[in-house]
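Quick mapping for you: the protein sequence lines, in order, are chains A and B.
Taking numbering that gives the first Met the number 0, the leading residue of the first sequence gets 0, the next gets one more, and so forth.
Taking numbering that gives the first Met the number 0, the leading residue of the second sequence gets 0, the next gets one more, and so forth.
Because the hints were derived from the structure by calculation, they are not lab data.
Just so it is clear, the structure is predicted and the values come from calculations on it, not from any experiment.
Keep in mind that a hint or two might mislead.
A few chain A residues facing chain B, derived, Cβ under 7 Å [what the hints assert, rightly or not]:
| no. | residue |
| --- | --- |
| 1 | Pro75 |
| 2 | His76 |
| 3 | Phe90 |
| 4 | His92 |
| 5 | Arg106 |
Computed cross-link-like contacts, SDA-like style, restricted to lysine to any residue with a CA-CA straight-line distance of at most 20 Å [unchecked claim]:
| no. | chain 1 | residue 1 | chain 2 | residue 2 |
| --- | --- | --- | --- | --- |
| 6 | B | Lys305 | A | Pro91 |
| 7 | B | Lys328 | A | Pro91 |
| 8 | B | Lys96 | B | Arg124 |
| 9 | A | Lys77 | B | Ser310 |
| 10 | B | Lys328 | A | Arg104 |
| 11 | B | Lys69 | B | Pro148 |
| 12 | B | Lys73 | B | Ile60 |
Computed list of chain B residues with no C-beta within reach of chain A, every gap over 10 Å [claimed, not checked]:
| no. | residue |
| --- | --- |
| 13 | Gln4 |
| 14 | Asp9 |
| 15 | Ile47 |
| 16 | Leu95 |
| 17 | Glu97 |
| 18 | Asn98 |
| 19 | Ser117 |
| 20 | Gly146 |
| 21 | Glu185 |
| 22 | Ser248 |
| 23 | Ile259 |
| 24 | Asp380 |
| 25 | Tyr399 |
Note that the Cβ used here is the ideal one computed from N, Cα and C, for glycine as well.
Letter by letter, the chains look like this.
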Amino acid sequence: MANKQFVRFDNVDKSYDGKELVVKGLNLDIAEGEFVTMLGPSGSGKTTCLMMLAGFETPTNGQIYLDNNVISNIPPHKRGIGMVFQNYALFPHMTVYENLAFPLRVRKIPKDETDKKVDKALSMVSLQGFEARMPMQLSGGQQQRVAVARSLVFDPQLVLMDEPLGALDKNLRESMQYEIKHIHESIGVTVVYVTHDQTEALTMSNRIAVFNDGKVQQLSSPDELYERPVNSFVAEFIGENNTFGGEIIDLSGDKCKVKLNSGSEIFANPIVAKSKGEKTTVSLRPERAIIDPQSSMDNNHKGKIEEVIYHGDHTRLRVDLLGNKEFILKVPNSSSGMNIKEGKEINIGWNSSDCRALDPK
Amino acid sequence: MSKEQILSSDGIPLEQSLKKAERKNKLKAVLLVAPLFLFLLIIYVFPIGDMLFRSVDDRMITKMLPNTFKAMEKWDGRDLPDEPVYKAIYDDLKYLKENKTYGKIIARLNYEKSGFSSLIKKTVRKLNKVEEGNYKEQFIKIHKRWGQPEYLVALRNAAPNWSYAKYLKGIDMKFDQDKNITLVEEDRRIYKILWFRTVNVAFWVTVFCFILAYPISHLLATLPMKYSNLLMICVLLPFWTSLLVRTSSWMVLLQQQGPINDLIVWLGLATDDNRPELMYNVIGTFVAMTQILLPFMVLPLYSVMKTISPSLMRAGKSLGGTPLVSFVKIYFPLTIPGIGAGCLLVFILAIGYYITPALVGGASGSLISNTIAYHMKSSLDWAFASALGTMLLIGVLAIYWVYNKLVGIDNIKLG
Numbered sequence: 000m001a002n003k004q005f006v007r008f009d010n011v012d013k014s015y016d017g018k019e020l021v022v023k024g025l026n027l028d029i030a031e032g033e034f035v036t037m038l039g040p041s042g043s044g045k046t047t048c049l050m051m052l053a054g055f056e057t058p059t060n061g062q063i064y065l066d067n068n069v070i071s072n073i074p075p076h077k078r079g080i081g082m083v084f085q086n087y088a089l090f091p092h093m094t095v096y097e098n099l100a101f102p103l104r105v106r107k108i109p110k111d112e113t114d115k116k117v118d119k120a121l122s123m124v125s126l127q128g129f130e131a132r133m134p135m136q137l138s139g140g141q142q143q144r145v146a147v148a149r150s151l152v153f154d155p156q157l158v159l160m161d162e163p164l165g166a167l168d169k170n171l172r173e174s175m176q177y178e179i180k181h182i183h184e185s186i187g188v189t190v191v192y193v194t195h196d197q198t199e200a201l202t203m204s205n206r207i208a209v210f211n212d213g214k215v216q217q218l219s220s221p222d223e224l225y226e227r228p229v230n231s232f233v234a235e236f237i238g239e240n241n242t243f244g245g246e247i248i249d250l251s252g253d254k255c256k257v258k259l260n261s262g263s264e265i266f267a268n269p270i271v272a273k274s275k276g277e278k279t280t281v282s283l284r285p286e287r288a289i290i291d292p293q294s295s296m297d298n299n300h301k302g303k304i305e306e307v308i309y310h311g312d313h314t315r316l317r318v319d320l321l322g323n324k325e326f327i328l329k330v331p332n333s334s335s336g337m338n339i340k341e342g343k344e345i346n347i348g349w350n351s352s353d354c355r356a357l358d359p360k
Numbered sequence: 000m001s002k003e004q005i006l007s008s009d010g011i012p013l014e015q016s017l018k019k020a021e022r023k024n025k026l027k028a029v030l031l032v033a034p035l036f037l038f039l040l041i042i043y044v045f046p047i048g049d050m051l052f053r054s055v056d057d058r059m060i061t062k063m064l065p066n067t068f069k070a071m072e073k074w075d076g077r078d079l080p081d082e083p084v085y086k087a088i089y090d091d092l093k094y095l096k097e098n099k100t101y102g103k104i105i106a107r108l109n110y111e112k113s114g115f116s117s118l119i120k121k122t123v124r125k126l127n128k129v130e131e132g133n134y135k136e137q138f139i140k141i142h143k144r145w146g147q148p149e150y151l152v153a154l155r156n157a158a159p160n161w162s163y164a165k166y167l168k169g170i171d172m173k174f175d176q177d178k179n180i181t182l183v184e185e186d187r188r189i190y191k192i193l194w195f196r197t198v199n200v201a202f203w204v205t206v207f208c209f210i211l212a213y214p215i216s217h218l219l220a221t222l223p224m225k226y227s228n229l230l231m232i233c234v235l236l237p238f239w240t241s242l243l244v245r246t247s248s249w250m251v252l253l254q255q256q257g258p259i260n261d262l263i264v265w266l267g268l269a270t271d272d273n274r275p276e277l278m279y280n281v282i283g284t285f286v287a288m289t290q291i292l293l294p295f296m297v298l299p300l301y302s303v304m305k306t307i308s309p310s311l312m313r314a315g316k317s318l319g320g321t322p323l324v325s326f327v328k329i330y331f332p333l334t335i336p337g338i339g340a341g342c343l344l345v346f347i348l349a350i351g352y353y354i355t356p357a358l359v360g361g362a363s364g365s366l367i368s369n370t371i372a373y374h375m376k377s378s379l380d381w382a383f384a385s386a387l388g389t390m391l392l393i394g395v396l397a398i399y400w401v402y403n404k405l406v407g408i409d410n411i412k413l414g
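With the rest of the complex left out, here is chain B (with noise of 0.2 Å):
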């Protein structure tokens, strides 16, 4: 038996009039959903994927110097090369110095090998003197680093459209004159210092915030509401008063001559002329992130101890389990996805801090996102601070995978 279509009044069948009445429905939904679509797709994911592209993106060199990646195809790479790559150096030079736009190679170059900015300059500042034919001999005349044949590598090393160089420098690693991969050397060796250093003080930040935020968010769980009222308010605080202002006083409390200082040399811990150092060196940058970020452990913690009946308690204790067992058995386990979530938001947004290590790291105390800023502002090598916050992007998600295989990410609470 066939089921027969049911009409609506008009004659059309059922299905379809119920989908045509839906299809405004869905449209004003969606409708609805995309500024925000729109909002995202342009803050986030454009600008995401502008890093990544820019990360890797390396076509600028070969765009400048076109005659004369075309002219090293044919050179082995060992000796000098012979006149046509030097003839298709000057052609380049030339049309950049016309151009003016010569600058941008001196950086660039420079970044794959230091003393091509000297080198650079001085030959285009001779280039009108250069005679047609043997430019060879002229080259070398000019500055005897065309003579060395590792200039010449770096040149070439400089050529790939794409490359992941700038990924390598992030690990103080290098492609050398053969293009394998290397360490960079000994006393270049900073990025790893500065990843362990962000690492680490993320880790410990998290620590200190979980140890403090933990008794505090089950006080405010517990208390009469009038009191954890008024302590939410002391946590929340903070999150009211600008980040700036908040490290500022942060750096009035902790300089040599500040507060703290005086009540150790009040206490008798140190004298007066041997003034412990709390600023601009990682204590300072401890001190100030745990304040700053503990009150993203609170609320996570706060929100899921609130939820805990304190009946459990009572019961694991009428069962014959000391405060102490009742506490690891049944409240601690219960309270894993807010502690959970807390950690990963400290870690996460500990990690990727930049304005307080800013003001109050110092040279020793500040972390791989100042360096980021540093490759931004300062040294214009956009590409290496992308590298760097592509990086950063990768730990986290790394960070979330793995606690995603150990607690499960459904075991999250925000609230």
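One chain only, chain A, in its complex shape (with noise of 0.2 Å):
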């Protein structure tokens, strides 16, 4: 059975100046086998976190387990933990062949045993035939891959990796993404990833924790993250969203009526807020909004169209509705061709349940 906490933060904080607490009781446990992103805007101390747990920084109170024992004392080279650098961190003067070699060579690996795992490190990343070459004569995802092989090529149980993608191009960061998460499945090893890039967390993570302010907001799955923000933070940061502020009126059930900021009144799933008079921010994915809805929905508007952005596979509306002028839509590319233009007015429904009323921003 996998140990559900082979990485554990207990309650940890962490300040560089004695005055200001970057990480603030972090509690967060890591499953074997897993692969966890830490997700925020820069300066949420999600770094941080992850040069702790590498062991280039201490944690100023707390513990961190790493399978069942304390690592605060272990310094980062007795650690065995596989790391990979924002910059590859390659080191320059070495061959691939020698960089993948260092891990096993201060490990005392004999030679013949060296030559095998480093081939098959390169192999993994499809990169054989690639030993002479040096850091420098590679482009920059070929020393991606060079810098994941590395980080694995010694077997360590756990890898972290700080924005491992930031330098890449889109198509190369993208392909990075699918190839770094097929040998996270196809070697079982735990991954801890840092990134402050939205998709890369969902497409890439089992579980995503999103730090903001030293504290992790959301830990849970992409989906379970997207779908059910618990907090207006969340919501904001991950996916695109609609806010409309207001007050709870009534509350029945699983549904509230929320008076807005702007006299009209809407129906919403109370989250957060959960009693009357209760401040409130509701929030809507764009996509859960249709125009012209068929069947029917509890949420029923006019609003008129402002803006109309062409992105190819959809287009987005900017609706002014119920006294927000930056309401988004997506409209899926489809033949029938709806007539949208600006200055037009269109209906827009959408489900209560869709509509999340989260705490006041």
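Put the two chains together into one complex; each comes in its own frame, and the hints tell you how they fit.
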């Protein structure tokens, strides 16, 4: 059975200057074989957490456990954690082979076994035949793959990746995302991945920890995170989001009535705000709102198209709806050819269950 | 199918008019470079060429004593020469005496063999009394050295127009009477000691500079900006101070009644009446030169270390290398271009260092450059000074060549 608490942050605080905590009371369990992403804006403390796990920073308070052992006093080189750095950190004076052999040589592994392991690691990232190249002679994507291979070559149980795809262009980044995901699936290593790119986090991870202000805001699977954000920060940070500020005026079971700041009333799903009179921010994904809904939906309002932006596979509409001039709608590109023009009035409908009443901003 | 010639709008082939347009730009570029080129030529190429020339130029004596050397051509160089040689010497000396230019040959001949000075002076003084005929006998009567073959051989040996005798002198060798290369007498072998001391001082100054500069440069490259700037100013401050001031302040510090000696006495490492001599010997040269040349080691090292990403050391550690292994296998090899540049710079500067050894070095701490200066200013043996300078130049080029073979000159980084 997989260890459910392979990596455990237990009430970890971190402060650099003694005045401000960059990580506050962090609790996080990562199971063996899991791919967990730490996602958050810059300065949210995610990289600090990774550095504490790798051993380059020490927690100010609390403990970090690896496989049920406290690791705070173990220096980085004895932790046996593989790491991929933001700028790859390949050793520029060594060939690809020497780069990969470095962790094996310091572990005094015999030459023939080293050769085998290096070969295996390189074939994992499909870079056989590049052994004699210097890192400078490789493209960005190839350097990235060498860095991944190097972090895996000594069979660590845990691999940390610190925004490893940040320097690559969009297409390469996407293909590398799949490649890393497949490597993770095939060898079953535990991966802790840090990124500020939410698409990257959504495509790759088993679970995502959304960081903000030194705290984990939500830790859940990608679909859970997208469909059911628990607070307005997560809802805003992950994917696109339409928001309305308002106050709950009626509450019955899993449905509530919200009086918006503009005076109109809508139905919503009470998540955080659970009592009458509470201030709330209502969140709705653009794709859950439909123009001219055929079936009956409990929210149905008129809006005016302010802007039409063509995106190829879909068209985005910016609509003035219930006092929110930034309401975004996505219309799939279909042959039906809906009549959408700037300035036109349209009916927009959505279900109250998709419309989550969260904490006020 | 032949290519059609492209014409510009006025009918001239495009290629030609392009060249014409570019010629103007090229001319401009050449004119811009010309002042620097001339400057280099005048202050660099020409003086070095002149130095090389002077070090082997030995025509003065042949010009001054033309008849003598002509007459000597027939002489076998074993026994005393015959009458015609003495007559030629008489003619030449008489001419020189009338023109009052015999001083020059005295110095030159005295380098060849000591004793010539008094010989020529006495002869010239008594030249008026010499009567025509039987010059040989009269000359020997004036000075008995005219009857010793080795003086005449030395005179003849001074004849060649071009000579590398100065270079031999620079390595404690000379031509003997039979034109064979031999070592000079035991008690006159001073240049070998001097060369050895110079290379030794340059080597150890380089080593000390390296040992001191490596951690400083590392600190400079890794400290936060506000501290590293302050440290950088401390490193560069000596650059903004006159070399003479810095050397003099070392003299203040190192003298026998100076603060460093006071400290040594206070610590009880030496008694007050037995203070160690820290100056006017090799210790003073070491200390002062290391301090003065330190920035030349720090700057290239710093510029190289600045480019080494701190994540490389982290990567080394995360891959299982202990801090020491990571340093030796990763950080150190990456700083080699800086080490090479710094060591080469410091060594080359140290090997030709002049002011500091002259001021704090004393007799046992003076270097080859001080000897060059001595021959330029005091003994006026410019040819020898040039030869020593050329040997220094060749030595530096040799070091450069060896470095290129060992490390590769592309592998050098000054910033």
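To test your reading of the hints: which numbers does this structure violate?
Those not satisfied: there are none.
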